[in-house]
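J.: Chain A is fixed; fit chain B onto it per the hints.
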Amino acid sequence: MHRVVASLGLSLALLACGAPPPPLPDPPRVEALRARITKARNAIAETRVALTRNRGTPQEVELWVRLAELIGEEARYHYQVAKVREGDAKALHVPQVRVLKGQAIALYTRVVREWPASPQVPRALFNLGQEQRELGDYPAMRAALQTLVDEHPAHPLAAEALIVLGDDHFDRSDMAAAGAAYTRITQGPASRTVGLAFYKLGWVRVNQGDCPAALEAFEQAIDRTQALAGQPVEGATIDVRREALVDLVYCFSRQRPPEQAVPFLRAKAYSRDAYVAALERMADRFGVMDQALGALGVARELLDKGPDDEQRLDDARLLHGAVRKTERYGQVGADAERITAVVLRRLRRPGVPEELRARLSAEFEALVRDLATRAQEALFKGNPQGKVARAQALPVAQAYLAHLDAFPEAASRLAVMQNLADVLSAADEDFEAGRWYLATADGQPAGGERARQALYEAVVHFQAALEAGPAARRRLERVVARASLRRAGARLLAEGKLDAEQQRKVKFAIARSWYDEGRLREAADRLEAVAFEAAGTAEGDAAAELLLDAYNTRNDALGLLNAGRRLAAADSPVSAAVKARIGPIVLAAEQQQLDELSLAAAGEEGGDPQAELAAFADRFKGTALGERALLNAFVAARADGDTAAMAALADRIEREYPQSSQLPGLLAGMGRAAAARFELDRAVRIYARAAAAGGADRVTLATAAGQLRMQLGDSAGAQGELTQALAGADSPAQRAAPAAALAGLLARTAPPAEVVVRLTPLAGDGDPRVLAALGLAQVRVGKVDDGEITLQRVVERGAGAEAGPRAMALYGQAEALARTLAGFTPGDDIDEVTEFVTLVDVTEQAYLKAAREAEPAVTSAALGRLAHMARQAGQRLAGLSPPSALSAEQGARFKAGLQARQAKLEATATEALATCEAQVYAQLHFGPAGRACLSGQPPAEDPLTADRLGARTVAPADPRLEPLRAQVAKNPEDPATLRALGEALLAQGDAHAARLALAAAVQAGGGAEELNLLGLAHHAAGDRGGALAAFARAAAGGLEAGRQNLADGLRQAGLSAAAEAALGRFPAGRAGGRRLGGGS
Amino acid sequence: MRRTGWLLALGLLSGCGGAVVPVGVQDPRLPAAARRRVADAEDAVSVARARLAEARAEAAETARWRSRLQAEVTLGSATDALLAMAAARVALGQAEIDRGEAELAYARARLAQTYAEASVRHDLAVYELGPLTAASEGALAELQARRAATRDARLAAEQAAGTFWQAYGAHVRGGGDTRAYWLVGTAP
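Sequences listed follow chains A and B, in order.
Going by the numbering used here, the first sequence opens with residue 1, and the numbers climb by one from there.
Going by the numbering used here, the second sequence opens with residue 1, and the numbers climb by one from there.
It should be emphasised that the hints constitute simulated quantities derived from the structure, not laboratory data.
Here are the simulated distance ranges between beta carbons:
hint	chain 1	residue 1	chain 2	residue 2	range
1	A	ARG474	B	VAL184	28 to 34 Å
2	A	ASN971	B	VAL184	56 to 62 Å
3	A	ALA733	B	VAL120	56 to 62 Å
4	B	GLU72	A	ALA577	35 to 41 Å
5	A	GLU654	B	VAL120	45 to 51 Å
6	B	SER77	A	THR553	31 to 37 Å
Listed next, the stretches of chain B that the computed footprint assigns to chain A, with coverage defined by at least 3 CB atoms under 8 Å from CB atoms of chain A:
hint	stretch
7	153-167
8	175-182
What you are looking at is a predicted structure, and each value in this text was computed from that prediction instead of being measured.
Even for Gly, the Cβ is constructed at its ideal location relative to N, Cα and C.
For reference, chain B alone in the conformation it holds in the complex:
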């Protein structure tokens, strides 16, 4: 809920940010250092967008794998652990998406702020920087929270993997059939 609220607020601020007219990295009125800052901020948005897309693709693949597992896999005593590992990985995928969204939101807020600062400093336009700065700081706080959540999800996934491999080892030692794992159970 807290995250949703933040994203909503950021969305609204993005609307405010929409009022900030972008400055071009080739604008001759800007000194080289300012142009570099603008370019870096724009680059950060591109990078964040790409990371988010990658996170979404991976998460979708993991979700498909989990669905297939739920429908088909039977691995004796290790089945539950395998499903739990899949669930943890799906959760991790979602956490990665959340983090990616937070990163993108932060990058956009920083970009709006950078445009505005550059404009103000070099007399291209007049903006009230306070709300933009506050938006960036809020986005950064949200990003930190998402990073922490991702770390937690990663640890949970690792823990689930440990549990699964323990169960898998026991299954193998007990002479269990592992074909289901190889045909369906392995991650995509």
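Isolated chain A (complex conformation):
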């Protein structure tokens, strides 16, 4: 129990501690005053004691003045006590006040009298005047203060005295005297009193009816006081700057232009409070004066900066009236927002009675609407339907928007929205106009004429907004515009009450909106509908072009093609002008579709481009597009190395498009493809076919066919192809290649007489290869002079001549000399012998010159023939008898000289043969000329010939080779596949084809094995020189089979000694590789 009580007590104690202390009432005013009286009396007593102690000292006067002030202070406290006790009684009877003030007056008077020179005198006089004024003794007061002013004009209290004197005059309506007193202060030094004096002077001028002077005085009051702002203020009882600003309003409104009121007050006001106070006074003043222009600015400023109180509603009303009266609508939007803001703040306050709320809402809704509609009327004045400047229209729209925001329930809302949309439309604010027209339509009864008109306007404006381009609208706005346009358009179309033109425009706008949005599939269906429905109109034409563009943008070439054809068809209603524009587009689309198909099909994994393109060609059979599709299919087949498909396609092109300009090129491509697959007979046939088809490349193609036949050992066929090529050539340049090929072929395979016959007609073109072959043949048939002339044409070309023809020409010249030498027999005349010797020297030099040309066959032939010539010449010299004119001794010396000469020539022959043999291995030339050197015997006949290829065994088509051919076609640089193909061909007996494949394998980087195989193929084809060269290279590559095959080949050529030498030349190599005659 005790614990409960204790706990409760503690809780209560804690609650008490936590609770706030009870409020203490202020001590009664009287008690406070009495306390001050006590303090004053204590001070008086102390001062009196001090006086007794300071008699005769300089401080005595000050102590007397201080004593008087303390007594006056006590008197004032007594007066205040009496006032508190007796209330606001006009006349107070307080005896002790009068007694005390009398004492104070006596003391001040004594000081003035007994210490007139004391610096305390002005203070004593001022205080004396104040005491007398408070006692109502105004004459005495005036006398005392006037004495102060007169005798101590520079003392600070003199200005205070003048204020009091001025006020006294003012109170007695003596404005002139008051003005004089205040003016005297204003002429004194700067002080706070000066500002106050100006302020009072201002009022004096007002009372005198002198507003200009009053305004100036008030401004001076503000400025002078402002100049001292920041200095300490003692006993200031009035805010001069604020009062002056407020009080000058009266005269300002009379003297200055009203539109300057706001800037003036703003410039002069030192605080917001003072500014608003002055504005309010100014608003009242302008209201009274019915000065709308001035009220306009003041009301706006008050609504912007004034406190939110009752007065703002009046300001809003004032603003409405001012705008309406002045008809200045430039800021009507901001004005409407000012008014609605004030009203909404008021309406949102809690506790506003509903009746007041409704009344205020109705009142200000009408005011704002009135402002906006009047502004709109002014906007369209004299221009009811026209466009207006955006800068002028936007404030009106802003006013309507302010109305719609503030008064959403207003009955006038629909009309306001309509007006807003009209204003935005006139200002070319299409997006916003469209939105508000749509909103207006939504608010109208469905199906009505007004709703329909609003919807149509919405469509038109949304479309205009979208046509302004992406830069003019944000993305969101564009999205909204499109969606809104389509919504409005659908409603209009559903109603079905649009006239034809409107319907056309709406449909086009809908279709266009899809197009602009990038939803091209949707756009295409609608644009095509417009193109058909509105054919011949601007919308129809535009729709047709946009339709094609939509397909083009989608990269849908097929769609574009078909749509274009539909539009361009004879029964299409589209205008002729559009059809004319569509034609080229369709054509381009066809090409594009084919290109895309080719690209896509070729790029697709597992795609079948040939089939795709062939199918396309079927669709466009007989047209240029169909032809091009087949050509592209052919290209694709060639890329795959599919010669069968190429052939089929070429046949088809030749059949369906016989006039195709691409046919020769296509056949040439086929030929190249067949050659790349080593289908050589096929390649020859196709080349020939391509050449026969004409075209710019006919000569080249026939030449290629001829060269290929040469490689295959078909000399007669090759001559035929080359002859055909020459027949088709129109110029020396065109003839050059086939002529050179023919010259080379004839030189290797035909008798010299035939060469002369065949090449003489071609000599006129001056081709060095032809001339060299012809000249040599002429020499060989004995037409030495003609030959020399012909060969000289080659040699005269100097360094510009090709190495081969030049070497051959030099060799021919040497052969001509050799023939001359052979036919020259010196008689019994020493001069003729000398001439013979000289001819030998010249011939030797000619052979050496030819040998130095670094043309392997010519080098070997020249050296061999040099050896032969030297040996023959030496023997002939040795057999000569001395001329009979010589003495015996001379004859013996002559004979000895000839024998020495013979020995030298024999040495030359031996050296030439040795050099030739060395050159055979150095230059790997094992042709007839080279082999002649290896035989150890100089060639008695001209050895510059070629091994004649044997008859070819054409292998039957073998499908097992197909993969190898296909692989080679795709990768012609693959030595392994080339070798495999060459081996296969060799195995089938087609050595001619095999050597081409194996040569390609060697060319692609094949090694000794490939070289050995190549040698076997050459050997089998009859190219003994080529075979020995290949074997030698294989032997050099370290392949024993190559080494042995080289030896065997030499033996078969009747060069057993050379074979043994060859075995000694190359060390034994590694095993592997096939041997001549089979085996490995």
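T.: Same frame as chain A, but now just chain B:
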């Protein structure tokens, strides 16, 4: 039926492919070229999947449009042609889906094959590549067939569109009301 059989087979092979452990494109044991091949194969699956999703979405939209047409549209003599065009487009949408599925199946088969090849070549795992290669080739053949079918469907849709626009032109020239086309008939 043939297509279903193939897809089933591919599904089974995908199960087999499931036994192929994916190799990571960041696997340091793989050279850069192998990682690139793996990344390309994975990328192909993502692309195929996205294309298929797109094809399905478009096809669904087209099917809805066709349903709406069947229920609501009346366009006089052009009505049948419009419905035929819608049917052709729905068929094209289905063909696109089929092709998308075949593309995805092929991409998955190629991915499994690529994982396995990379693993085998770089001694990460041992797989029998033959079935995986066969699966890829089978999927590729199926894809080619779907591509051809899609091309056929596209041509059919284009042909149907041509027929419709001819009928629509005649309808317009005859003064027919085209509102139904604009409110219901236009493609979504």
